[in-house]
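Novice: Each chain sits in its own coordinate frame; assemble them with the hints.
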Amino acid sequence: MSLAPSPSSTTASRRRLRPRHERGPLILTSVMIVLMVVLVVLPIGYLVYGAIRSGPPRSEAAFTLANLLTIYGSGRFVEPLLTTLAIGIATGIVGATVGLILTWVVIRTDIRRPGMWEKLLILPLYLSPLMLTLAFMALAAPRTGFLNIFFQYLVPKGVLVDVEGFVGVIFVLAVHYVPYAFLVLAAPMRAISAELEEAAQVLGSSRWEIARRITIPMLKPAIFSVALIIGTLAAENFAVPTLLGRADKIKTIPGEIYYWLAYAPADPNLAAAAGTMLLLLTMTGIFIYRRMTAISARFVTVTGKPKPAARIPLGRWRPLVMAGLYLYVAITIVLPMMALVGGSFLSFLSRRLKPELLTLQNYKAALSGNNLDAILNSLLLASVGAVLVTAVGFLVSYCVQRTRVPGRGLLDYLSALPIAVPGMVLAVGMLWAYVGLPFGLWGSLWMLLIAYLARFIVHAVRATNTSLLQISGEMEEAARVLGANMIERLRDIVMPLSKRALLSSAVLVAIFILNEVTATILLYSPRSVTLSVVTWHALDMYGAMQAFALAVIQGLITAALVAISYRLAGKTSW
Amino acid sequence: MKPSFMATTAAGLILFASAGMASAQDAEIAAGKALGVPQEVVEAACQEGKLDVYSLILADEAKHPATVFAQMFPCLDVSIYAASGGAIGQRFMSEFQAGTAAADVIMNSSPAFGKRMVEGDMLMEYVPQGAENMDAQWKDEGHWYAMGLTYIGIGYNTDEITAEDQAWIDGVKTWQDVLENPFADRLAMVDIRAGGSTHLPYYYLKTELGDQSWQALADENPIIFNGINPLADQLAAGAFAFVPHATLDTAVNKRRERGAPIAWKFPEPGLGIPYFMGIASNAPHPNAAKLLMSWSLSPEGQATWVARTGLAPAMPGIDDQRDVAQQDWYALPETVYPADWDKIEAELPALVEQFAQTFGN
Numbered sequence: 000m001s002l003a004p005s006p007s008s009t010t011a012s013r014r015r016l017r018p019r020h021e022r023g024p025l026i027l028t029s030v031m032i033v034l035m036v037v038l039v040v041l042p043i044g045y046l047v048y049g050a051i052r053s054g055p056p057r058s059e060a061a062f063t064l065a066n067l068l069t070i071y072g073s074g075r076f077v078e079p080l081l082t083t084l085a086i087g088i089a090t091g092i093v094g095a096t097v098g099l100i101l102t103w104v105v106i107r108t109d110i111r112r113p114g115m116w117e118k119l120l121i122l123p124l125y126l127s128p129l130m131l132t133l134a135f136m137a138l139a140a141p142r143t144g145f146l147n148i149f150f151q152y153l154v155p156k157g158v159l160v161d162v163e164g165f166v167g168v169i170f171v172l173a174v175h176y177v178p179y180a181f182l183v184l185a186a187p188m189r190a191i192s193a194e195l196e197e198a199a200q201v202l203g204s205s206r207w208e209i210a211r212r213i214t215i216p217m218l219k220p221a222i223f224s225v226a227l228i229i230g231t232l233a234a235e236n237f238a239v240p241t242l243l244g245r246a247d248k249i250k251t252i253p254g255e256i257y258y259w260l261a262y263a264p265a266d267p268n269l270a271a272a273a274g275t276m277l278l279l280l281t282m283t284g285i286f287i288y289r290r291m292t293a294i295s296a297r298f299v300t301v302t303g304k305p306k307p308a309a310r311i312p313l314g315r316w317r318p319l320v321m322a323g324l325y326l327y328v329a330i331t332i333v334l335p336m337m338a339l340v341g342g343s344f345l346s347f348l349s350r351r352l353k354p355e356l357l358t359l360q361n362y363k364a365a366l367s368g369n370n371l372d373a374i375l376n377s378l379l380l381a382s383v384g385a386v387l388v389t390a391v392g393f394l395v396s397y398c399v400q401r402t403r404v405p406g407r408g409l410l411d412y413l414s415a416l417p418i419a420v421p422g423m424v425l426a427v428g429m430l431w432a433y434v435g436l437p438f439g440l441w442g443s444l445w446m447l448l449i450a451y452l453a454r455f456i457v458h459a460v461r462a463t464n465t466s467l468l469q470i471s472g473e474m475e476e477a478a479r480v481l482g483a484n485m486i487e488r489l490r491d492i493v494m495p496l497s498k499r500a501l502l503s504s505a506v507l508v509a510i511f512i513l514n515e516v517t518a519t520i521l522l523y524s525p526r527s528v529t530l531s532v533v534t535w536h537a538l539d540m541y542g543a544m545q546a547f548a549l550a551v552i553q554g555l556i557t558a559a560l561v562a563i564s565y566r567l568a569g570k571t572s573w
Numbered sequence: 000m001k002p003s004f005m006a007t008t009a010a011g012l013i014l015f016a017s018a019g020m021a022s023a024q025d026a027e028i029a030a031g032k033a034l035g036v037p038q039e040v041v042e043a044a045c046q047e048g049k050l051d052v053y054s055l056i057l058a059d060e061a062k063h064p065a066t067v068f069a070q071m072f073p074c075l076d077v078s079i080y081a082a083s084g085g086a087i088g089q090r091f092m093s094e095f096q097a098g099t100a101a102a103d104v105i106m107n108s109s110p111a112f113g114k115r116m117v118e119g120d121m122l123m124e125y126v127p128q129g130a131e132n133m134d135a136q137w138k139d140e141g142h143w144y145a146m147g148l149t150y151i152g153i154g155y156n157t158d159e160i161t162a163e164d165q166a167w168i169d170g171v172k173t174w175q176d177v178l179e180n181p182f183a184d185r186l187a188m189v190d191i192r193a194g195g196s197t198h199l200p201y202y203y204l205k206t207e208l209g210d211q212s213w214q215a216l217a218d219e220n221p222i223i224f225n226g227i228n229p230l231a232d233q234l235a236a237g238a239f240a241f242v243p244h245a246t247l248d249t250a251v252n253k254r255r256e257r258g259a260p261i262a263w264k265f266p267e268p269g270l271g272i273p274y275f276m277g278i279a280s281n282a283p284h285p286n287a288a289k290l291l292m293s294w295s296l297s298p299e300g301q302a303t304w305v306a307r308t309g310l311a312p313a314m315p316g317i318d319d320q321r322d323v324a325q326q327d328w329y330a331l332p333e334t335v336y337p338a339d340w341d342k343i344e345a346e347l348p349a350l351v352e353q354f355a356q357t358f359g360n
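Residue numbers (numbering that gives the first Met the number 0), protein chains in the order written: chain A, 0 to 573; chain B, 0 to 360.
The shape of chain B in the complex, shown without the other chains (with noise of 0.2 Å):
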């Protein structure tokens, strides 16, 4: 009797445990199917049951898109891996030289590290449902598309700033006009190597407005930090009163929303960035990782990137929830600069020279 009653109840449980399966699994393929994804591929990654991001975003902000994609996809467990870019690039690059797969989806902001990893195959060829809506150049079609874009801006403290300075911002419509700026020695810059958010409003300034930009820049005694982060304390802190280019939707905003007093603008064009994902050749779960780009490139997806990490939509229509979209002050720029990064990386040495020369940094 009693072998029979334990094999009854194992029975059971076995039953059980496959209803629960069998139904997560179909609420599993549908929320697929509703992403273009084939019912072969949830499967198999619902088999491969795990997902490793290596993600620019941290992981506290990257954790509201992760739960709600592992929502939907509860058969996922996400572990997130996050660091700044070049760590990213450096830890990525070399385990896949090595042989050792670790992450099956990698994000960057440099587009130029994105067409390293393209050439060295290392990114898996796939295309999402809902690619053909980006605009080109926030995706490397078949190999890295974008979640969110970060503008670069003009931020100000809104403390240390008097009514002339107010009227002066109010009327600032390009980059032409940021460079008549009336903060002499009360403002605040990021060094040109710091990555791909500083290389472009430099890029940009000069190859557009010459090199008279840089020295109308440097004329004013600019205090030269060494990243966003440090810049965005010390603005929040009134240590200085005015940022001539920086992306504060970002580095910012996380300050604003705790009641730092800080405001931006945005001239134009808008000079934007791409916050992108793809996924490894070498993918220890790529079932798992073409999931979750589908999911990225759907209109809830993109929406969800975009609600907490403070980056912009970069697709059109997409329901920008984020707090500082509904301020009065806040508009996002109506034209974009076509960057050419390929041309920004090779001149990026020549540009450092002269960096270091105009602004003795």
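Next up, chain A with everything else stripped away, as it sits in the complex (with noise of 0.2 Å):
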């Protein structure tokens, strides 16, 4: 994992590669740490400085501590940060846990057709938080969601759902973020050995005692890292607590954050000092994880003969299960999104549905004008972006992993910073810090590439420090032994290892690619204007009804990244 720390034990020692005679990972350590402190150290730097001034950096600015006094000193903001904690906490474990016991079904169990399970159980990360809030809203708002409306023909001002509150904020980020849990624990559950299973079967363990004993513990880091990341993602999200908290006045820390930088007179340097909470909030929960995963060489079961553990049959309890599953797929994704195909088709979401409501319009809008631009700009940004995005992630994760070279937990801890700061305030960072940039990057879609890698690399290290995690270092030291060199090792064996985590990587780094607004949209210039652009701007002035047609074309076109991966794979399923 991207957050755990290096191994400590002897053990653990013993399986890095002794970094004598050879210079190849210091070489490749020293550009990692330089291209993370350019691409991360300086935004969130300028964000730190820009806390304590009274103006934007390079402005004729004074250093102030009124920015932090507000912040921490006046008591204004216990209760957002009360809420904020609440909202992560609860999302990261709910998510975490809902996340768990699908991948743990979906992978570990004889259900019937698991690839497709697999496909469905991941489809509410294709749309951002943003769109499925909406769609819950179009599909449960206490009076105009569309269960209700239906409801009320029963029972007239009844209501048969409501999505608004804090319950409500929780379970859509659940619903959003379960599939990245399942993404990410796939491949560990995936990659567990058959043979301490198999060893406490034989000496006469029940399976619950193998999951308690064996999976679970083996799993730790994977579990701990999701709920975390989870629980930081959604204690920084703005966009659910507002809109779907405000009938119990939910205050939230990003929410605040927003109000500072999206409406004039806007006040960064307060936003930024706001930033520095949540920073510290989760460099906190950095530094507990990697306190209580100290030990990793436990977690490695993948020799040079790795042996798939066998599903389990499910026996009389597997019509429970997949109702279950049939279910869960219902409630999260088969109604929401049929409210986003159905209100992309209204010409505004109403109470009284009737046909005249009907058309066809917000289609021809979001394929018309410029639109097209940006949808081929999304292509080009998450195509290029997932490959760039994975394979620096990759080469960060192989540092810290793979070498005892002086300098990995550092490169370790910077990779990680990215996800300890609300995007939106990132991006201020990025704003102050890449503003200057010269040869026309600034404008271009390079400079949106840059900006995703810096966002984004914390998740391709994650994704793939789980796969090197579990691969022995026996493999690789011998090959070194034999006089290949380091990138001669990472082509012939870590790579080949690694490829589903790799393939993971790429495909959920390109969804957030596609979903990313809120560093974009202050980044973006005429030239590479994005879908996500255009969604928002559609959102702000027609409507949600507009907003739900891009985001099913947004939704498609993801939906055909995850095929070619498919294919690319060369599988029907990871």
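Quick caveat, the hints were computed from the structure, so don't treat them as lab data. Even for Gly, the Cβ is constructed at its ideal location relative to N, Cα and C. Among the hints, a few may not be true.
Unchecked claim - Derived DSS-like pairs (lysine-lysine); straight-line CA-CA distance at most 27 Å: (1) B/K342 with B/K205; (2) B/K114 with B/K342; (3) A/K363 with A/K353; (4) B/K253 with B/K205; (5) B/K172 with B/K114; (6) B/K62 with B/K49; (7) A/K248 with B/K49; (8) A/K248 with A/K156; (9) B/K62 with A/K363; (10) B/K342 with A/K363; (11) A/K118 with A/K219; (12) A/K353 with B/K205.
Stated by the list, open to error - Pulled from the structure, derived: some chain A residues nowhere near chain B, Cβ distances all over 10 Å: (13) L64; (14) L68; (15) R107; (16) V328; (17) G406.
Said to hold, decoys possible - Restraint-style ranges between C-beta atoms, simulated for each label pair: (18) A/S367 with B/T173: 36 to 46 Å; (19) A/K353 with B/Q214: 36 to 46 Å; (20) B/E346 with A/S53: 16 to 26 Å; (21) B/A100 with A/V33: 51 to 61 Å; (22) A/A559 with B/D120: 47 to 57 Å; (23) B/E346 with A/K248: 51 to 61 Å.
Specialist: So this is what it looks like as structure tokens:
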């Protein structure tokens, strides 16, 4: 895991490659550290600098503690802080738990058509949290949601479901992030060697005992990591609590930051100061996590001859488990997707559904004018960005996990930093840091690629870390002894064994890039408009219905990307 | 023979192209002259060939005025970067301070931000022809001028109101009347922090009608939205019936044009907010920017800006071609409240604090 510490035990040390007579790992690690400093530390440094200034960097502003005093000393932020923490913790626990259960069911049990379920369960990740929220509002808002509108034909003024409020916030965030947990946990779940489980079974352990004493402990780093990342992503989300929490007057730190950045007169320095609070919180979380997973050697289960674990027969429980899966998919995917697709054919959302509301105008508008350029730009950015981010993430992960070079711990921390800062705040740091970039980079598609690399590197590192942790160093060590240099070992041993993790990471990053709007909106130019930007503008000006049409298009593009990745992998499923 | 033929062909092509260019330049010079722009500025603008606009109005909406302008000056390639007022401000100021000249023309709706730009020497001094016709509160002479206005009004979902509600709405004349509305538990508002368009009505209510005006609205248990657009969607859907103050011309009108059962009216005095533009003092294409400013302040330019963007005219005598302006129920306010934007900005932190206490948001 990218957030996991370097193994410190003797066993773990033995696994690491000895750097004697080899300068490749040192050079690679140095290059990666410099890259991370430029990509990550520079924007965050500008952010921290901005928090103690009375105006943007490079302006004639003065040093001040006023922003930090407002955030940390006024008491006004206690409630938003506690709410943010509660949302992060609850979503992290729910997301990781549900993700773990679903992953176990799909990967380890004998359910019918596991490949199909795998594809279905990751669908909510194709939509941004904002779009998913709008879909659930269209479906289950207390007065205007489709479900409640239909219910009101039976019970006038009745409310069948209500997605608004704290529970609704956690629900929607969890629905969005469970697929993330699934994608992250699937690879290590598959990679668990059958030998330990078979040994336990021979010794008379029940399936529950095997799960509790072997499977879950071996996945502990992945589970902690996924809970922490989901919790952090949920805590930094502003759209879901803002849209679903207004009836309960829910206030979060990202929501407050949003006001300071999005509306004039903006106060980016105060937003930067609030960003430091989230930065501190998340860094604390990462530190705790590293302490808890100090020994990683015990998680190594893939050796030179990995033997996949057999699927567990569910027996008489299988119909019940299958019914649960169908219900889960219906609630979290089918119904909101129907609401989204249905809504994309409506002129506007209405309590009085009638045929006259049906229209193709949303799609006509979505596929006209500069929107086609936006679609092409998004495709290019998602494809190139996914490869670039995954490649750099893999190299960072390799330095951290597979070498003994000094500074690898620093590299580990640096690559994890971006997740600690809300996208919008990081975007301001990027704006301040990169605004003077020469050679026409500023305002170009390259600028967005740089931003995406900084923003999403953590996901690629984390995804590949999991895989590398489970590959024994013995094969690489043998190759090194036989004269293979670092590049050859990477090419011939590590990358082939990490193929699934790399592919999974690339797809995930492509999805994140397609959905990214908070940094893009601040860094794009007329030359680099993206699908997420036009979707945001549609939402801002024409209403959710046209944004739904764009979201459907975006979802189809993402689905196509996933299908292509399957083809490239030569598999029907991961 | 062959080189000679090629030379003749090339010369012919150059002559043909020059003739075409001269003809286009003549038309552009004439158009510039009509706008009071000297010939040398038009020629310099065409040499620049480009114009980058940071627009508060979304690209699709700004496309119509940009197209009309580009038809007059085909030598210019107009690019639009569209974002919220805060994002535009952030980007523009950061670029300016980093010495990166990217924007020629910048738009905004926050006179406080406009003042900040003037004080930071970020705007070029330029007085277009016809600027004298604009009311003083919609411009900062020599720096920025409004392309249009958005007024604060009361909005309602026509499917969600009773005959009694409609009678009450018909009777609303002033903002004092709005406070005595029959929509308890059926209304929604936007958070005060959502920009100049929300600062003004809350400031007006508090300073002119007293603290009790806020309390009267809070007692009706309004849903508080973070921005006008999610509120507009839910108003159209019928999630609530009434909005006591919002920028409906710009935010809600698109939904109405699509058939949403929404209508609105403007109590007196009118609470108006200017959507304005100024030329960046480091504009990479300053002459092209002058052309856009001059055209935007011409009667045709003002009418074009107003036609599709939802904005109301900022100058007297402008032909209001908006569809909404043709509706029976629609009437712009007869009077305008003279907003003191410096004072609003100075009092904003206290207003935000009081808003949180009163509305629990």
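Novice: Would you mind marking each hint as holding or not holding in the structure?
Specialist: Hint-by-hint comparison with the structure:
1. For the given pair, B/K342 sits about 13 Å from B/K205 by alpha-carbon distance, which is consistent with the 27 Å threshold.
2. Proposed proximity of B/K114 and B/K342 is supported: the alpha carbons are some 12 Å apart, at most 27 Å.
3. Note on A/K363 and A/K353: the hinted pairing holds, with a Cα-Cα distance of about 21 Å set against a maximum of 27 Å.
4. The hinted pair formed by B/K253 and B/K205 fails the criterion: a straight-line CA distance of about 30 Å is larger than 27 Å.
5. Simply put, B/K172 and B/K114 have alpha-carbon atoms about 33 Å apart, too far for the 27 Å limit, and the pair is violated.
6. This hinted pair checks out: B/K62 and B/K49 have alpha carbons roughly 15 Å apart, not beyond 27 Å.
7. For the hint linking A/K248 to B/K49, the alpha-carbon distance of about 47 Å lies beyond 27 Å, and the restraint is violated.
8. Only pairs whose Cα atoms come within 27 Å are accepted, and A/K248 paired with A/K156 is accepted, the gap being roughly 23 Å.
9. Distance check on the hinted pair: B/K62 and A/K363 sit about 17 Å apart at the alpha-carbon level, within 27 Å; holds.
10. This hinted pair does not check out: B/K342 and A/K363 have alpha carbons roughly 46 Å apart, beyond 27 Å.
11. Distance check on the hinted pair: A/K118 and A/K219 sit about 24 Å apart at the alpha-carbon level, within 27 Å; holds.
12. Between A/K353 and B/K205, the direct Cα distance comes to roughly 42 Å. Violation of the 27 Å bound is thereby established for this hinted pair.
13. The Cβ of A/L64 sits about 17 Å from the closest Cβ of chain B, beyond the 10 Å cut-off, so the non-interface label holds.
14. The beta carbon of A/L68 is kept farther than 10 Å from every beta carbon of chain B, the shortest such distance being approximately 13 Å.
15. Distance check for A/R107 against chain B: the nearest CB is about 42 Å away, which clears 10 Å, and the non-interface claim stands.
16. Every CB of chain B lies more than 10 Å from the CB of A/V328, the least distance being 27 Å, so the non-interface label holds.
17. The beta carbon of A/G406 sits about 31 Å from the closest Cβ of chain B, which is more than 10 Å, so the claim that it is off the interface holds.
18. A C-beta distance of roughly 43 Å is found between A/S367 and B/T173, which places it inside the suggested range of 36 to 46 Å.
19. Between A/K353 and B/Q214 the beta carbons are some 40 Å apart, a value that agrees with the proposed interval 36 to 46 Å.
20. At roughly 19 Å, the beta carbons of B/E346 and A/S53 sit within the given window of 16 to 26 Å.
21. Taking the beta carbon of each, B/A100 and A/V33 are about 30 Å apart, not inside 51 to 61 Å as hinted.
22. A beta carbon spacing of about 50 Å between A/A559 and B/D120 agrees with the range 47 to 57 Å that was offered as a hint.
23. Remark: the range hint 51 to 61 Å for B/E346 to A/K248 is contradicted by a beta-carbon distance near 23 Å.
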